[in-house]
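Following the hints, complete the assembly by docking chain B onto the known chain A.
So the protein lines, in turn, are chains A and B.
Residue numbering for the first sequence follows the numbering used here, beginning at 41 and increasing consecutively.
Residue numbering for the second sequence follows the numbering used here, beginning at 155 and increasing consecutively.
These are calculated hints, taken from the structure and not from any lab test.
Each statement offered as a hint is correct.
Pair by pair, the computed Cβ-Cβ distance ranges are:
(1) 122(A) x 409(B): 31 to 41 angstroms
(2) 224(B) x 216(A): 51 to 61 angstroms
(3) 113(A) x 572(B): 52 to 62 angstroms
(4) 200(A) x 504(B): 52 to 62 angstroms
(5) 289(A) x 439(B): 51 to 61 angstroms
(6) 275(B) x 282(A): 18 to 28 angstroms
(7) 494(B) x 217(A): 39 to 49 angstroms
(8) 282(A) x 434(B): 51 to 61 angstroms
(9) 122(A) x 497(B): 34 to 44 angstroms
(10) 335(A) x 275(B): 52 to 62 angstroms
(11) 201(A) x 336(B): 48 to 58 angstroms
(12) 289(A) x 385(B): 52 to 62 angstroms
(13) 393(B) x 122(A): 16 to 26 angstroms
Below are the DSS-like pairs computed for lysine-lysine, each with C-alpha atoms no more than 25 angstroms apart in a straight line:
(14) 251(B) x 205(A)
(15) 251(B) x 202(A)
(16) 490(B) x 441(B)
(17) 506(B) x 450(B)
(18) 323(B) x 195(B)
If the Cβ cut is set under 7 angstroms, some of the chain A residues that face chain B in the computed set are:
(19) 71
(20) 75
(21) 79
(22) 126
(23) 135
(24) 138
(25) 253
(26) 257
(27) 293
(28) 300
(29) 304
(30) 311
(31) 317
(32) 319
Values in this document were obtained by computation on a predicted structure and should not be read as measured data.
Glycine is no exception: its CB is placed at the ideal position from the N, C-alpha and C atoms.
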Amino acid sequence: MSMGLTIMVTGALVAASCGFLGCFLILRRMAMLGDAISHAVLPGIVIAFLISGSRDSLPMLLGAAAFGLLCTFFIQSLRSQGVQSDAAISVTFTALFAIGVILVSLYTRQVDLDLDCVLYGEIAYVPWDTLSLFGHNIGPKAIWGVGTAFLLSLLIVGLFFKEFKIVSFDPQMAAALGIPVLLIHYLLMGLVSVTTVASFESVGAILVVAMLTVPSATAYLLTDRLETMLAISVGAGILSSLFGYWLALVFDASIAGSMTVAAGTFFLLAFLFSPLHGVVTRWLIRRRLRTATAVDHR
Amino acid sequence: MNFLSQASHFLSDPNTLWVLSGTVLLGLSSGVIGSFAFLRKRGLMGDVLAHAALPGICLAFMLTGSKNPFFFLIGATVTGILASMAINAITRFSRIKEDTALALVLSVFFGVGIVFLTQIQHTNYGNQSGLDKFLFGQSASLVGDDVWVMGGVAIALLLFSLLFFKEFKLLCFDPGFGRSLGFPVGMLDLVLMLMLVVAVVIGLQAAGVVLMAALIITPAAAARYWTERLDRMLVLSALLGGMSGALGTLFSATTANLPTGPLIVVAATVVFLISLIFSPRRGLLAKAVRLARMRKQAARERVLHSLYENREQGGSGELDTETILQKYPIPRRRLKSALASLMRDGWIQVCKRNGAFRIRGTEEGWIQAYETVLRTRMTEVWMMHENEIGGNLREEGTGSVTGEIPPDLFEPLWNLLVKHGREPKWKPDAGSIPAGEGGITP
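Just chain B, with the same shape it has in the complex:
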């Protein structure tokens, strides 16, 4: 509550409001542009461009002698474009890989910038203080004019990405296809790079070099976890970026001594971590749950298989846990939980005899065991003869085999099973097998 009341107190301060709107706008625009950069696997470009802005800013200052942010913007944009052209040239005309080219251009451009910076300091260009503020950023120093510039540029960037949405989409996902359709892919790439440069440069003053690199990539990487559609990803990334900006600013306004830029980065990183862990499909938690469920399913099937195979080979159909473990080695704990869940379903009975757990199927259990074995063997034989009999048992997207046998494949697969001598040879109770299953008549 304290934080909220403090926040509302600070919101009534016009200065904080300027800073807040500035950082939110920044988060919005870099979130959108960053999504494209992320999908183009250019996440580190933000870092490189932010460093490459230094010589441009120094040059602009040396040429004009003024600290007008507009000149800085032009200077930084020029060197940013030069840097991205240098990277392109190096990767295209030599065998140097992209990551090396990025690091190389980053360090050399920044080195040139430092040389210029010391030149300016040594030759007394007058009031040069504040140039290095561009490196670390100082959101607290944002004033009305800066925010107007940032807002204008941010809106222009958003409009541009809306206008070229289709083209950029193509560029991100299949540039080769785009080229074959006759789109000027190289030109589009340049436009995208230009937009990235502008987005980075307007953010430098508020966020600084390193923090700008984070604003470009982190919201986009977080947004990627929640959706598979580009349009939703753009909106989400913009929202997450804006949210990080707002959170960082509010925290820094309510706590003494905490700089805004790093707090924005931390907020964005927390958002990213939350997405990494909790997002519904790609998140670590969802993955872990899916894995556990699959493991349990597999363990259950193994128990049913071993029971059935014992019966098929003329055994009594009563097994102890050790025999199952010998046949299908799985962790003991997993077997235990599989047995428990099978018992809950009423498919098996477990009784303790001579110090060992004996397991046998119930009437319902034998039918299920038969079905499972049949399905597994049919899937196996389908995978062996996939090209001859056609059909599709694979799941869309993942390519893994589901195990649901479509009715029209039932008969050819049964015949193949018979051919390989793999058809389930013991039927629990002919009468109780659902007859409609493609009409098995062995």
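Chain A extracted, bound-state conformation:
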């Protein structure tokens, strides 16, 4: 695989898996959890690194996923103790992140972790970090990691699609029907943690947070059906990563940043021109109605 293609495939995979889960997040009004998780996993990464003593991906992935879940658990407990939601999120993730930074500085000799790299990642290095199986080079590690995470979320959400759908739209009814709402919640959070962690090792936290929200928000403006929304979100995510890569080449800028900007551009287009909810579209419809009523009244 050529370098450019590898980067594009990685970006597209990250965008697809994040866009897919992001739909459920924004429907459940938990969009900021992506941001929270992506910061809160830092201590998990450091601890896993200290225990395993290697920069292998698997222990780090596990440690990070554990702290992602821990973060959502803390947030949920604070909320159930009557702390308002925004405060619960802020307090939890900033505290965990601060602990992570302190751990990094305490073990700075053992931990050869570059904070910038953990948080901002560098998708441009993806092609060089390859995985080998039985001595054969089987391609970039990032693609395998993110691809596995994506398949996992597709599988789990596919199996419990009906449950996820009801819980997203009407948790009270779901509870009344006997669906284990909390279990589904933690299942979703687990998937988000795994996806976040698998992705941002290669592409950085910021692209993950962006891809969790922006494409799904775009899709939310374009359709009223969950299935369509999922498809549009995945599509918009993939398009943003392709377009973003092109932007990065043209302007010689950060690839992850450009992909985010591209996703933002698509959102802006949907915000203005969506056939159902676009600002400009609605203005046009209102103007047409106004002329129509004016004609009627004449």
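Showing chain B alone in chain A's frame:
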């Protein structure tokens, strides 16, 4: 002692003093502004604004070519305001909810910032190092000039919130009412947002993006636990913020290798956790104690009820524990402690017969049982007829029913009880019932 002596040693170092005064000022001002943000449920705005400052800082650098913090402040303020306007526009003109708008604006603005940052790095603007210090923060690098700027801005922010205290209070608790009174609510909201932006931006250099988000929300959330009044909350939040700043700085000054910003956050979080657990009214511990007390009271009442009802229905008034548990299922341990406390009060006697505990009331106990049953039944009947007979048995604030029957309600409630056939039909000893109780004359 070691820590204290080290701390005093470091306090004599002018450099540390600058850093210390900087972080304390920062904690003070963000504590006050954060309280308003917290009450407006805008806690995550601090996070968003801190991220949105990046493109502004980069733009300021690209335009002026200098690393003057003042230009950075202006640039970051401009993009911060743009970000908050974008959030407003998105939530107002589309069906996107606020949390999604926050995450969206945060990531897109930060993405733009990263693009600018790489642009700066690639196009050799000369000395660009230190720009990213704004992201992680470096309190240790604070010098006299920075502290003067921070102090000035912090004092300005405090004065502003003092000046507009009444207006902001209204904005936080009832913006609709404020609008109907003719206050320019939208304008006030903008001013508050502007102050939040400024508070975040001046803190970025010292604390960094994520840590600034914590300084905005954590002291305010902690202060909320201790008081129900806005003015006290502001003072407390400022103090807690300043205290976290001081603690974090001192710890980092006395321990090698520990960064100041994260330590400040950890200190603030510890303060928050302490408030969460130990605050006198809303704290978890106080809640647990209240719950235990209520449970015990309920268990005691259940024992008295079952004794009395047995007597009322012509029984001997002597019950064993199993009968009580059958009638009112409660955990066995709780029943045991309720029985023990009733025995201590001298209201019941317990004796063991045929392997079972038999419980019977004492003279005093029967009177108390009668009172309890009467009160409970009156409360029930009051709740059934609340709208007809008026009066109020509900506790202020909580809305739960206390059970103390005001004397003027006594007679109508007694009559209602008789109507429903629910009046206590057995009187322990007519003579020993306190007669003054609204004059019960059945």
